Amino acid sequence: MQLNTGMKVNRITDEVWEIPTSEKSGMLVPARIYGTPGILQSMDQGVFDQVTNVACLPGIQRYALCMPDGHWGYGFPIGGVAAFDVREGVISPGGVGYDVNCGMRLIRTDLTLAEVAPRLPRLMDELFRRVPAGVGAGGSVKLSRSDLNAVMVQGARWCVEQGYGWHRDLERSEEGGCIRVTDPSTVSDQAIGRGISQLGTLGSGNHYLEVQVVSNDRIFDPATAAALGITGQDQIVVMVHCGSRGFGHQVATDYLKVFAKAMRRYGISVNDQQLACAPFRSQEGQDYYAAMNCAANMAFANRQVITHHVREAFTAVFGPSAEELGMELVYDVAHNIAKIERYPEGELLVHRKGATRAFGPGSMELTPEFRETGQPVICGGSMETGSYLLVGTDRAVEETFGSTMHGSGRTMSRAQAKKQVRGEQLQQQMKQHGILVKAVSMSGLAEEAGFAYKNISDVVETVEGAGITKRVAELRPIGNIKG
Amino acid sequence: MSYEFRFLEDVALADIAFEAEGDSIEDLFQGATRALLETMADPQTVGASWNRRIVKMDAALDDLLVEWLSEIVYWKDAAGVVFHEAPLSLTHHNGQWKIEASLIGAPVDHTLQTLRNDVKGITRHLYKVGQNGPLWKATVVVDV
Numbered sequence: 027m028q029l030n031t032g033m034k035v036n037r038i039t040d041e042v043w044e045i046p047t048s049e050k051s052g053m054l055v056p057a058r059i060y061g062t063p064g065i066l067q068s069m070d071q072g073v074f075d076q077v078t079n080v081a082c083l084p085g086i087q088r089y090a091l092c093m094p095d096g097h098w099g100y101g102f103p104i105g106g107v108a109a110f111d112v113r114e115g116v117i118s119p120g121g122v123g124y125d126v127n128c129g130m131r132l133i134r135t136d137l138t139l140a141e142v143a144p145r146l147p148r149l150m151d152e153l154f155r156r157v158p159a160g161v162g163a164g165g166s167v168k169l170s171r172s173d174l175n176a177v178m179v180q181g182a183r184w185c186v187e188q189g190y191g192w193h194r195d196l197e198r199s200e201e202g203g204c205i206r207v208t209d210p211s212t213v214s215d216q217a218i219g220r221g222i223s224q225l226g227t228l229g230s231g232n233h234y235l236e237v238q239v240v241s242n243d244r245i246f247d248p249a250t251a252a253a254l255g256i257t258g259q260d261q262i263v264v265m266v267h268c269g270s271r272g273f274g275h276q277v278a279t280d281y282l283k284v285f286a287k288a289m290r291r292y293g294i295s296v297n298d299q300q301l302a303c304a305p306f307r308s309q310e311g312q313d314y315y316a317a318m319n320c321a322a323n324m325a326f327a328n329r330q331v332i333t334h335h336v337r338e339a340f341t342a343v344f345g346p347s348a349e350e351l352g353m354e355l356v357y358d359v360a361h362n363i364a365k366i367e368r369y370p371e372g373e374l375l376v377h378r379k380g381a382t383r384a385f386g387p388g389s390m391e392l393t394p395e396f397r398e399t400g401q402p403v404i405c406g407g408s409m410e411t412g413s414y415l416l417v418g419t420d421r422a423v424e425e426t427f428g429s430t431m432h433g434s435g436r437t438m439s440r441a442q443a444k445k446q447v448r449g450e451q452l453q454q455q456m457k458q459h460g461i462l463v464k465a466v467s468m469s470g471l472a473e474e475a476g477f478a479y480k481n482i483s484d485v486v487e488t489v490e491g492a493g494i495t496k497r498v499a500e501l502r503p504i505g506n507i508k509g
Numbered sequence: 535m536s537y538e539f540r541f542l543e544d545v546a547l548a549d550i551a552f553e554a555e556g557d558s559i560e561d562l563f564q565g566a567t568r569a570l571l572e573t574m575a576d577p578q579t580v581g582a583s584w585n586r587r588i589v590k591m592d593a594a595l596d597d598l599l600v601e602w603l604s605e606i607v608y609w610k611d612a613a614g615v616v617f618h619e620a621p622l623s624l625t626h627h628n629g630q631w632k633i634e635a636s637l638i639g640a641p642v643d644h645t646l647q648t649l650r651n652d653v654k655g656i657t658r659h660l661y662k663v664g665q666n667g668p669l670w671k672a673t674v675v676v677d678v
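Chains A and B are the protein sequences, given in the same order.
Residue numbers for the first sequence follow our numbering, beginning at 27 and rising by one.
Residue numbers for the second sequence follow our numbering, beginning at 535 and rising by one.
So here's chain B without its partners, still in its complex pose (with noise of 0.2 angstroms):
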């Protein structure tokens, strides 16, 4: 069980890309996931003193990865936080994809934490989200 991220330099101009891939769907929105916090702070700077416990289903996987990132920059703004870390497990059942996941993380305090880019939004420009040999690959841009 393992993922990698990595963010891409010649996509988008003005703001940020990023390709995530693991051996496994959850493998690969761990590493979405994770690659969505480090643009918006240092995730090993922020504390764990506030949590949310987040429950996503929908039939589409690239829909519901969408939503899911979309969730995280919602509780950026709406609770003033950014993220230390986002466990989360996914399951398949009557066709429909489920995630279940925790958000940790503590309220924004720039004397504290390393913070990054403030994202706008979860695109779906040049979005995908597939299988490539054995890995689950996904290519997102986010607005900053």
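Same shape as in the complex, but just chain A (with noise of 0.2 angstroms):
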């Protein structure tokens, strides 16, 4: 098999392959990869160096992960997990990302592709207007600072009690969708500045909010998509995945430069700069930890505002109440962050970035809707491919520190892509396939041209077949809004 790296690459099952800590001075542990022998090979050389610097990081326990969507990213691959011990391990902003809580949120409806279908272009435009996308957006909630920090620290619940959606809308967050751990005074002025105008954006990037349609035959598990709302015959479902914006990127920019300097004074070295840390029971580590979670409520409460302004659209558009139309939460679920978690070691703090919650059923994290279930899993594909809904699993637990995929994964770069189309033309021929897509910079849209990412398919029967999640339903899009 002819892999991007030079390094001993071991089989350990079909979709579980292990890199020993022979393989790179410093070492801590193996690295395991997961991914068909197809997926790996078509992983970039970052993935392979990245995954084998987290594994020399102080206090690393079992392995240094990488999730099948894994690619290139900045200190930690994207698709990285990684959990540390909390007494002797380090915390890092490049095992997070700079999106903190970045996120997806599925949203169901009683509603059909037959109903929806002949005002779709209405429906898209009210979505438009209704939530701000693209570079510097602002938000249509105006917060003065008070505000803001209640936001740091009540996230989700905070816009529920402003009337922005539902109490059960928290009951089905990860977490509540409020982190109890922060501090607002760990939060520089220049955060505040680049997030308080922004509750309720999109951003632009990968970003976006998308009209999907749940069919029949792609259902896998009747019972447990029934449990979750999603009853299948063209259901229409609604999916938005954005995070914390320029408030939760200024967090992890602070931090950077604060951990390179803490470094030193700790004698901690790393493989890479963006690998920058510091051990978690530190005053470095402990600010960076609270300010991270007040950047994760922020996100929270933004997936939340931009929630109700879907809810508003779809009354505008359909005219009964959005709980008439049955617009519940299906699920919230970050894939940048750092949590404490329980396990046989120990209380460890586990990096996911670009990588979601898998907890299995009878978790007692959960709440107890999803005790029968296991915890949804919400992953996005590209554009043009569709998306799927997942639920986690006890062997993820076991495995993963539970943690499974978070999307598809690119698989060529913004500016390749750009070569090989225009937006204009993308988006004709989206239209054509009966997608419908708005957007604010049409550069950014072809960047965002489904060729650029692996099929999602391949990436979700990866993560089934190791075990670490479960399929539902595949959801299709129908509509699109990008920033």
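Don't read these hints as lab results, they were simulated from the structure.
Result set (BS3-like, lysine-lysine): computed pairs, CA atoms no more than 30 angstroms apart in a straight line: (1) 287/A / 662/B; (2) 671/B / 444/A; (3) 283/A / 590/B; (4) 662/B / 444/A; (5) 632/B / 287/A; (6) 662/B / 50/A.
Some residues of chain A that are not near chain B, with every Cβ distance over 10 angstroms (derived): (7) 27; (8) 36; (9) 172; (10) 193; (11) 202; (12) 209; (13) 248; (14) 297; (15) 366; (16) 459; (17) 476; (18) 491.
This structure is a prediction, so every number in the text was calculated from the model and none was measured.
A virtual CB, placed ideally from N, CA and C, is assigned to each residue, including glycine.
Assembly of the complex is requested from the two constituent chains, each provided in isolation within its own frame, with the hints serving as guidance.
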């Protein structure tokens, strides 16, 4: 098998591959990559270099992991998972990413394709008008400094209390949409300046809001689907992919700088500046953890406000209230975050960067309604190919610190993608395939063309084959809004 | 006095990388600045109704470039603007590099401007600033 690395890669199973500690000086644990042989061969050299760099970080437990949608990132690869002992280990912004709590949200409806299709153009116009997207776009919610402090501490809960959503939305969000360990004093004025006007905005890049359809033949587990409100029969659902916007980006920028200096003080050396880290129990580590959680709460709040505007848009187009349209939240889940979780080794700080928590049925961390199904996992594919709803498994908890894939993963750079197609041309092609696209930036649209990504079905089959997630339903796009 | 920049195809899979070069350090800063402005929006489609004077100092040239580019990203979000140009001058005195610049642009308006990427941050991944023969060069990867 020809791989983009000179390192020895041993087969553990058909979907799990291991790079032993002998392959790089300083590796404390082996690195494990999830993927079929085909996926492994398509991975860029950065994945192998970066996951083995992660394996060198102090306090790492068991394995440095990379999911099958993995690709080159900063410090950690995208798709990277690593758990650190909370007493001896480190915390690293490079293991979380610039977009703290970038994540996915899925909203169900009682509407069908037949009901929505005739009004889809108007629906997309309403969504585009109500959910600001693209460079520098400001949100509709005007926050004072004290409001933003409340968002940092209360996350989506603050939004619901202000009327942007329903209390039961919180029960269907990771951490109830609010992580408790926060301290707004650890957040810089620059982060506040960047984030204060951005609540309820989508951003750009690979962020999107998508109207999707679930057909009966794409439901793989009818009982679990029904328990999550997915009934099929060309049911319409809405997916949201975005994060903490400029607020979280600045938190990452600020603490990478702090940690670069702190590492010298703590005698830590890393193979890549973007792996800058500090002992979790140090002042710098605790400050970043608190600031990162403030940003995570900002992201939960951001997706909550967007949900509110999505519900308003549907009511404006179809008439009945959002409750009458059955617009319940299926789930909201982070894929860029570091969290303390309990495993046989004890309390660990699990970094997931472009990886999703995937707790199985019975996990006491889940609210009761998900203890039979397992935790919903929402994976966004490219805007041309579709997305998946999955659920976590107990095996994920045993093998991958309760983690799985987050999307399809890029195989082509943005610059290359733009050379192959123009945004306007792609928009026309997608329209011919029954997908209406509204985009702020046509060049940004071209960068997100489907051919720039792995086939998400291959990635999903890998995680199902490995037993770390189960397929519930495939979601096919019919309308997409991009920044 | 001149600068050039080009976007790199094979460096940043999910993000954007550029290489800037100039006859002088000041030219290099101008080239890198222009590349960043072009990453966010087409400067030719952006007006000049907003401006901000920026002064920053640092002993290390490479740190100063990251700080300056990060400042541009900050104002993009904090003021909700994109940029037409950013004339700048660079001096070195008592061991400190000093950049004095004007950020000139206009509030974001997708009906008037050709918008491109919402830059999240200036990374230090594969980051390089140095002299290559008579030219100063920098490689910068931005997270989008």
